[in-house]
Amino acid sequence: MKRKRWIESLVDIACAQGAVWPKDSVPEWMCGAFRRRCISFANGLTDTDTRVFWLQSGALTIDLRLPLEYEQQAEPDNKADYEGWYAHSVWQHNLLDWQGGVSSLSENRWPEPAELRRVGNCMMEFAPSGAYVEDWRLLNSVPGLFVGLELIGEEDLTTGASRELQGALILAGDCMGAVLNRSAEEFITDIGELEGDEFVVRHSRDIHRTGKLMFSALFEADDGEFFYDTSQPEQIRLVAGQKSWSFRIDTLVGDFHFAPGTSQSESAARWFKQFQSTLGRYLRRVV
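In the working numbering, the protein residues as written are 1 to 287.
Worth double-checking, as some hints may not be accurate.
[As the list claims (entries may be wrong)] Here are the simulated EDC-like cross-link-like pairs (lysine to aspartate or glutamate), alpha carbons at most 16 Å apart as the crow flies: (1) K4 to E198; (2) K212 to D223; (3) K4 to E225.
Quick caveat, the hints were computed from the structure, so don't treat them as lab data.
Based on the provided sequences and hints, a complete structural model is requested.
See below:
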């Protein structure tokens with residue numbers, strides 16, 4: 001199946017220019033698309049129902065938090081607690097923190113950095129204060145295109161008018177996340193999945209966007225093409241329809257290995273093999 005030109009052009013640029021990876025990136029095991037399975041609090045209570053998605057490139061994070069789908073359908077315009085944001089990821093002293101970016105909320109509801117550890121496709125996030133722990137599951141299982149872009153601005157190619165815009169785009173294999181701050185009334189956060197040759201919006205702060213083709217819903221065109229100018233090696237430009245969008249490149253890898261498993265010691269592998277008849281009795285991949 002032939003891929004859309006906007007995807008193909010990203011692959012072409014990645015192959016021609018080589019992988020782009022930020023200097024102060026998070027570890028590779030932290031990269032990809034994750035869905036939260038649960039959050040447990042110090043008071044003994046657990047939430048397994050809030051829909052939470054985390055897309056992570058080398059140094060960008062996209063985050064979306066939504067209620068149950070039927071509750072969002074019942075109150076589609078009540079977006080005060082539908083959280084969407086992107087930020088720059090800061091990995092220091094084995095803690096992940098965030099700065100900059102833009103959020104749909106006027107306050108930061110998650111002020112603590114994250115202590116993270118991953119085993120298999122399960123990544124556990126601990127609040128240093130002990131307030132909560134979150135269980136995240138990697139959605140990716142096969143290698144694929146891995147892109148992290150930070151939106152800089154938009155230009156109307158017909159009139160020449162331009163404006164600064166904040167937003168981000170992360171493409172991780174067959175998962176895609178986008179944040180676009182068009183205005184205070186139109187703060188877009190979408191999570192999409194690849195179906196055939198198109199990414200389709202599956203979760204969004206605006207429930208009316210679900211089911212739509214993600215690229216056209218974001219950029220108001222059926223397809224487009226990315227262009228790379230060697231005179232501006234840190235940037236990339238998308239031309240779609242009658243508009244052009246400029247992005248800062250965070251991450252660009254043509255074939256990133258999203259590994260569902262993690263390394264273990266030889267003794268741990270022997271232990272699992274020895275007792276596999278009972279340890280593996282009901283094993284399955286959980287996301």
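- prompt: Any hints this thing doesn't respect? Which numbers, in order?
  reply: none
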